[in-house]
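A.B. asks: Line by line, the protein sequences give chains P and Y. If you read the first sequence in our numbering, its first letter stands for residue 1, the second for the next number, and so on. If you read the second sequence in our numbering, its first letter stands for residue 494, the second for the next number, and so on.
Any given hint might turn out to be false.
Computed list of lysine-lysine pairs in BS3-like fashion (alpha-carbon distance at most 27 Å, straight line) [stated by the list, open to error]:
1. P:K34 <-> P:K84
2. Y:K656 <-> P:K33
3. Y:K690 <-> P:K120
4. P:K120 <-> P:K33
5. P:K84 <-> P:K33
6. Y:K690 <-> P:K84
7. P:K155 <-> P:K33
8. Y:K690 <-> P:K34
9. P:K155 <-> Y:K690
10. P:K446 <-> P:K120
11. P:K378 <-> P:K446
Here are the simulated distance ranges between beta carbons [to be verified]:
12. Y:V518 <-> P:T438: 15 to 21 Å
13. P:I478 <-> Y:L572: 52 to 58 Å
14. P:K34 <-> Y:S520: 47 to 53 Å
15. P:Q418 <-> Y:R583: 48 to 54 Å
16. Y:L677 <-> P:K33: 22 to 28 Å
17. Y:V589 <-> P:V290: 16 to 22 Å
18. P:T438 <-> Y:A605: 43 to 49 Å
19. P:F31 <-> Y:F515: 47 to 53 Å
20. P:D270 <-> Y:A605: 33 to 39 Å
21. Y:V685 <-> P:T283: 17 to 23 Å
22. P:F445 <-> Y:L606: 49 to 55 Å
23. P:A263 <-> Y:S520: 44 to 50 Å
24. P:G92 <-> Y:A587: 20 to 26 Å
25. Y:S499 <-> P:E196: 53 to 59 Å
Facing chain Y, a subset of chain P residues (Cβ under 8 Å, in silico) [stated by the list, open to error]:
26. A104
27. A185
28. A198
Honestly, the hints are just simulated from the structure, not real lab data. The beta-carbon is built from N, C-alpha and C at its ideal position, and this holds for glycine as well.
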Amino acid sequence: METSIIYNWSQFTAEFTLVGLASIILMADCFLKKMPKSYYALLGAAGAIVAACFMHNDEYHNQFSVIAAVATGLTLLLAYDYRKVTCEAVSGTDSEEGSSELYALPLIACAGICALTQAKDIIMLFVSLEVVTLSSYVLAGYFRRNQGSIEAGVKYLILGAMSTGLLVFGAAWYYGTTGTFELSAQVVQLMFFVAEPAMGVGFFLGLGLLLCGALFKAGSAPMHIWIPDVYQGAPTPVSAFLAVASKAAGFAVLCLLILPFTAVLTAQSDIATVEYVQSCTLTIVQCLAVLTGITLLIGNLGAIGQTNAKRLLGYSSIGQAGFIMVFLVNMTDTESQLHIANYLTAYMLATMAAFYAIAMVRTQRGSEEISAFRALGKTNPTTAFLITVAFASLAGVPLTYGFIAKFESFCAIIAAMQSWGMLLWLTPLLVIMILCATAGFYYYFKVIREMYWEKPQPTDAPLQVPVVTAGVLAGCAILLVVLGTWPLLTGNL
Amino acid sequence: MEAAISSILFYLFAAIAVLSAFGVVASRNPVTSAMCMAVSFASTAAVLFCMGAQFLGIVQIIVYAGAILVLFLFVVMMLDVKSEESTLSRLPRAIVGVVIAGIFAGMVTKAALLLPGATEGKCPVAALCCDEACTTDTGATDKFGGPLPALKETDTKEISGTKALGETLFTQYNIAFVILSFALLAGTVGAVALGRKIRKD
Numbered sequence: 001m002e003t004s005i006i007y008n009w010s011q012f013t014a015e016f017t018l019v020g021l022a023s024i025i026l027m028a029d030c031f032l033k034k035m036p037k038s039y040y041a042l043l044g045a046a047g048a049i050v051a052a053c054f055m056h057n058d059e060y061h062n063q064f065s066v067i068a069a070v071a072t073g074l075t076l077l078l079a080y081d082y083r084k085v086t087c088e089a090v091s092g093t094d095s096e097e098g099s100s101e102l103y104a105l106p107l108i109a110c111a112g113i114c115a116l117t118q119a120k121d122i123i124m125l126f127v128s129l130e131v132v133t134l135s136s137y138v139l140a141g142y143f144r145r146n147q148g149s150i151e152a153g154v155k156y157l158i159l160g161a162m163s164t165g166l167l168v169f170g171a172a173w174y175y176g177t178t179g180t181f182e183l184s185a186q187v188v189q190l191m192f193f194v195a196e197p198a199m200g201v202g203f204f205l206g207l208g209l210l211l212c213g214a215l216f217k218a219g220s221a222p223m224h225i226w227i228p229d230v231y232q233g234a235p236t237p238v239s240a241f242l243a244v245a246s247k248a249a250g251f252a253v254l255c256l257l258i259l260p261f262t263a264v265l266t267a268q269s270d271i272a273t274v275e276y277v278q279s280c281t282l283t284i285v286q287c288l289a290v291l292t293g294i295t296l297l298i299g300n301l302g303a304i305g306q307t308n309a310k311r312l313l314g315y316s317s318i319g320q321a322g323f324i325m326v327f328l329v330n331m332t333d334t335e336s337q338l339h340i341a342n343y344l345t346a347y348m349l350a351t352m353a354a355f356y357a358i359a360m361v362r363t364q365r366g367s368e369e370i371s372a373f374r375a376l377g378k379t380n381p382t383t384a385f386l387i388t389v390a391f392a393s394l395a396g397v398p399l400t401y402g403f404i405a406k407f408e409s410f411c412a413i414i415a416a417m418q419s420w421g422m423l424l425w426l427t428p429l430l431v432i433m434i435l436c437a438t439a440g441f442y443y444y445f446k447v448i449r450e451m452y453w454e455k456p457q458p459t460d461a462p463l464q465v466p467v468v469t470a471g472v473l474a475g476c477a478i479l480l481v482v483l484g485t486w487p488l489l490t491g492n493l
Numbered sequence: 494m495e496a497a498i499s500s501i502l503f504y505l506f507a508a509i510a511v512l513s514a515f516g517v518v519a520s521r522n523p524v525t526s527a528m529c530m531a532v533s534f535a536s537t538a539a540v541l542f543c544m545g546a547q548f549l550g551i552v553q554i555i556v557y558a559g560a561i562l563v564l565f566l567f568v569v570m571m572l573d574v575k576s577e578e579s580t581l582s583r584l585p586r587a588i589v590g591v592v593i594a595g596i597f598a599g600m601v602t603k604a605a606l607l608l609p610g611a612t613e614g615k616c617p618v619a620a621l622c623c624d625e626a627c628t629t630d631t632g633a634t635d636k637f638g639g640p641l642p643a644l645k646e647t648d649t650k651e652i653s654g655t656k657a658l659g660e661t662l663f664t665q666y667n668i669a670f671v672i673l674s675f676a677l678l679a680g681t682v683g684a685v686a687l688g689r690k691i692r693k694d
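Work the whole structure out from these sequences, hints included.
C.D. replies: Below you can see the structure in the form of structure tokens.
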């Protein structure tokens, strides 16, 4: 199999534009001394949203890059509203000195994610994943005066380096057994039908190690260890970026690794070969099912005891990753990428709104604990309602988009049971999913309970909702409700 | 005979590289760690030479052993390194770590031994063969890919490894190479952002 040039320059226009914009911001930071640095956040956000629109319409990028670009735009808007805390944490004063990299680096990371979604071989996958990872290390530790942020940066660096190491080792095994870096159905086909069976062991070892690297980004077990500490310690906009854009990157890699098998599975015509391929891929499905179950349990049970809102969202992101991985367990589904993108969209709208709420409460009440949300229902009724919609969607309350997403996830597991029949493996997973969906109601509603059932303290003034935060909260809540009720009205689930 | 010596040298340098890499982690003294790392880099370069990738070997020495390691040592010397406190309390954790690492190493070894021809000292995949004899031996010819261009070209002695490497980098992997520069940009910006002098109030 002769490898050839499989990319062309024009398909990377969006990436180059994003990095160009980041360079412009860095240059402007050097030469335009009088310009308020927080304007760069608005410029970057505008650029990312335009890039998202552009990528939505071109033929090369898939849904993940659009999600990542929108998430980057929302991250930068959040960074704009969070500028007061940023200034304190970076320079120790009100001066904005040294805060502009926080607005440029997410754009570079976003370019990495967009390049990643177009990868067809491991080289491009690794290179663009490194762009994301390196920018994220810096972003996580950006608040140098804040102990938590430094801790987050160091922990992320060490664990991230380990996962990169596993990924590269996996790439070596992949190349060693197949002789190509290409990730395609053709390679899987050759592996199953032409190569000696003993080669398959090495191939699957390589694939497993590559999966470890992807699971690290997606935040699933067994590579989830970093999530709670890093989300809690990192600057809130960065936590939002890691929770949404970086997770989208992880699932893009998972799709790149798993979907070739789906293609081979669905391409077989006669029963004998179908059974043969099924027996080859059975191990992958079993592994994914076990990992999904563990991820769901760790995320949802871990979230129950949390009192810090960012840490809660960290565990919640592990739990949600579990629900997304269910789509990959249903390996015979050719449209799983679409379902994953749907789920990620629901997750993005709700999680972003939640992080905006946390940032707003942190800026004005100085705390990221769940108790800092106390009595928002009395002091700011409208905002409290919008935040309620976001958390209800994360929990999967009917009439929100989160419900539709979780519903699809349950459909996927039932479809998997029908097509694979591995009831011994998949029934426990279904039970775990039901348990975890229920647990979600408990811990997401802790925030809602705090807002409506707690009494305000005498010192609590109503929060001043910044314009950007108000707009994004309202937009996310409206989208969550509209997208959540529309399919019910049209009957088009 | 020539092949035998080159194999012996390959395994010798590979063993030194792994052992000294272990020394980097195991040593308590940062200077010893850094020196172990230098040995590891140098023997990795030697391994690359054995595989016929001279240019990569030289780059390995110049960039890693030459530039990066000197920087490491410089930082280690500048910092006031205190001796580490006793780590007896970490013993259970160390045992767990060793067990996990052992299982992983066993898994990898088992998979490597299962590869066709592995126990007879043959190269299981045509793609990894540097000489023709081994390609024809196993019959694993071109089911999958060919040798890496950087290795393939040095065999014929017509084009130098450097040229082959450059050609690969600037044709097939050109775009990936450019994307990689984004990572360098992010790294540079990050180093500036995190290393900037903090103003004392």
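A.B. asks: Among the hints numbered above, which are violated by the structure, and what are their numbers in rising order?
C.D. replies: Per hint list: 2, 3, 4, 7, 10, 12, 21, 24, 25 and 27 violated.
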